[in-house]
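I would like the entire structure built from these sequences, with the hints used as guidance.
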Amino acid sequence: MRLRLRPTEDTFYDLFTESATHLVNGARLLAAMLDVDSDRPAIAEQMREAEHQADETTHAIVRRVNSTFVTPFDREDIYRLAGILDDVMDFMEEAVDLIGLYEIGELPAEFATQVEVLQRAAELTAEAMPRLRTMKDLEEYWIEINRLENQGDRSYRRILAKLFSGKYKALEVLKLKDVVDALEHATDALETVANTIEQIAVKES
Amino acid sequence: MRLRLRPTEDTFYDLFTESATHLVNGARLLAAMLDVDSDRPAIAEQMREAEHQADETTHAIVRRVNSTFVTPFDREDIYRLAGILDDVMDFMEEAVDLIGLYEIGELPAEFATQVEVLQRAAELTAEAMPRLRTMKDLEEYWIEINRLENQGDRSYRRILAKLFSGKYKALEVLKLKDVVDALEHATDALETVANTIEQIAVKES
Amino acid sequence: MRLRLRPTEDTFYDLFTESATHLVNGARLLAAMLDVDSDRPAIAEQMREAEHQADETTHAIVRRVNSTFVTPFDREDIYRLAGILDDVMDFMEEAVDLIGLYEIGELPAEFATQVEVLQRAAELTAEAMPRLRTMKDLEEYWIEINRLENQGDRSYRRILAKLFSGKYKALEVLKLKDVVDALEHATDALETVANTIEQIAVKES
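Protein chains in written order, with our numbering: chain Z, 103 to 307; chain H, 103 to 307; chain S, 103 to 307.
There may be inaccurate statements among the hints.
Note that the list lumps identical chains together, so a pair holds whenever it fits in one copy or between two copies.
Stated by the list, open to error - Cut-off 25 Å, straight-line C-alpha distance, at most; resulting in silico cross-link-like pairs (BS3-like, lysine-lysine): (1) LYS305 to LYS264; (2) LYS238 to LYS305; (3) LYS279 to LYS264; (4) LYS279 to LYS238.
Bear in mind the hints are in silico, worked out from the structure with no lab data behind them.
Shown next as structure tokens:
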């Protein structure tokens with residue numbers, strides 16, 4: 103049997119992986135929500151549950167920082183990373199919530215591209231989290247997140263152009279813009295997660 | 103006569119309490135502004151004055167940090183806390199300003215709930231500030247602010263649903279949404295104040 | 103011949119000056135974009151190029167932090183300052199992009215005041231950057247940026263009042279408000295640059 107010398111550290115990496123896994127789940131629910139024939143109230147309920155679980159994980163990270171003497175990297179960086187991961191979930195939940203709240207019917211097809219970018223970025227983030235332990239092999243993750251964020255940005259601007267093309271009434275534009283803004287904020291926050299990890303990696307190297 | 107060994111520290115707690123007291127005043131003015139029969143230009147003028155005083159307090163905190171050798175907690179945390187308290191005031195002032203600027207008539211009744219939440223959260227914040235000295239008995243404050251923020255969030259979403267129900271014209275929706283967004287940002291910023299204090303308490307304990 | 107003992111530091115100041123010089127260029131392109139008879143697609147293309155160059159400078163700063171043992175001030179402050187300078191450019195580029203994307207015709211005359219403020223603030227920032235080396239003679243820069251931000255704020259509110267005066271249709275208001283918000287965010291971010299430099303100066307003094 104091998105002794106585990108730094109058991110508390112393992113748990114931080116596990117918890118960050120758990121946090122990012124909630125985001126994969128959230129992005130999947132968002133994709134399901136786009137289908138107008140889906141059971142939207144049921145999906146919204148699952149999203150609220152996912153957001154609640156993400157909150158629990160965030161609090162578990164904060165509690166662990168508070169009760170641990172030696173943390174694997176700076177306490178403030180742990181708070182910051184946990185906080186931004188939580189922000190991503192809040193934006194995803196906001197998008198799902200607004201689709202229900204505004205009683206939006208069919209969403210323009212361009213929204214699917216935006217959500218695909220978000221789903222892929224969430225998956226990459228969850229895959230990268232266990233690598234925080236060694237802070238190695240993260241370059242590909244940073245490059246790909248950056249590429250996805252650029253793709254998401256182009257998709258976002260295409261949606262804006264369509265919304266303001268004159269095809270939609272002002273009130274409809276207002277509703278759809280709130281949803282697409284929430285999606286864009288979620289994608290941006292995933293890029294901030296990647297940038298934060300890059301800064302931590304530099305400090306710890 | 104008792105010697106005061108750490109006179110500079112007292113002043114930091116006093117200044118933070120002063121900063122939060124400006125917010126109690128700001129929230130009270132906001133509540134008064136909701137009444138369409140009130141003297142709105144006079145209230146807006148008082149709000150500008152309150153915001154100006156809050157700026158003065160923020161600058162007094164910054165000046166004190168710069169001229170003090172030993173601060174009661176990290177300099178950067180003092181800046182951060184002072185900055186967020188100042189943000190709350192800016193959002194309140196923005197809400198009052200927009201009501202006048204957009205020449206908004208009667209505000210939907212749901213806005214009163216939103217402002218009540220803000221008022222209660224500002225009062226709790228002001229009451230908690232003197233407890234920074236010992237960093238004790240803050241749990242109740244954190245729990246209650248969190249509960250209020252959730253209540254504020256539900257109220258915010260109810261207002262959005264009403265604004266987009268088809269009862270209001272697009273231009274009216276745009277105006278009212280700017281006001282309710284400013285109120286929501288003020289409530290969120292008060293939660294950030296509480297979270298910041300929690301992080302400082304953890305570091306200092 | 104004089105030996106340069108701390109050659110790496112020079113480069114940080116040079117790079118920050120370069121970063122702020124991109125903003126002067128960006129603000130100039132924004133001013134050109136306001137003229138409805140200008141070659142807007144060409145200006146938008148130049149703006150994308152300016153934003154790309156600003157990204158390069160930001161990455162050069164980050165790479166230099168990562169490869170330098172002794173930095174002239176805290177690593178995290180360098181990241182923060184580089185990040186906010188980059189934000190200013192992103193907001194400028196967003197404004198130019200939206201004018202094209204929304205196919206906006208003539209912009210209300212008040213937008214020119216907003217852009218003039220931005221242009222002057224960018225110039226002041228670029229002029230202040232070489233003074234980071236000694237952290238002296240920065241007071242005037244902070245005071246003037248603060249004055250400009252207040253002026254920008256008044257201009258912003260005047261534009262909002264005009265947009266909601268009933269003269270514009272809801273969809274037009276939505277478009278113009280997105281542009282003016284991007285300009286306002288750029289001005290606010292330049293104030294954050296000044297505040298960040300003030301905090302660094304305090305820490306290093």
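Worksheet item: When no copy is specified for LYS279 and LYS238, does a C-alpha distance of 25 Å or less occur within a copy, between copies, both, or neither?
Response: neither (39 Å within a copy, 44 Å between copies)
Practice prompt. Could you place LYS238 and LYS305 in one of the four classes (within, between, both, neither) given a Cα distance threshold of 25 Å?
Written response: within (13 Å within a copy, 29 Å between copies)
Fill in: Intra/inter-copy verdict for LYS279 and LYS264 if alpha-carbon distance must be at most 25 Å
Close inside one copy (11 Å) and across copies (17 Å); limit 25 Å.
Worksheet item: Is it within, between, both, or neither for LYS305 and LYS264, if the alpha carbons may be no more than 25 Å apart?
Response: Result: close neither inside a copy nor across copies, 43 Å intra and 48 Å inter.
Hints 1 and 4 from the list above are not met by this structure, while the remaining hints are.
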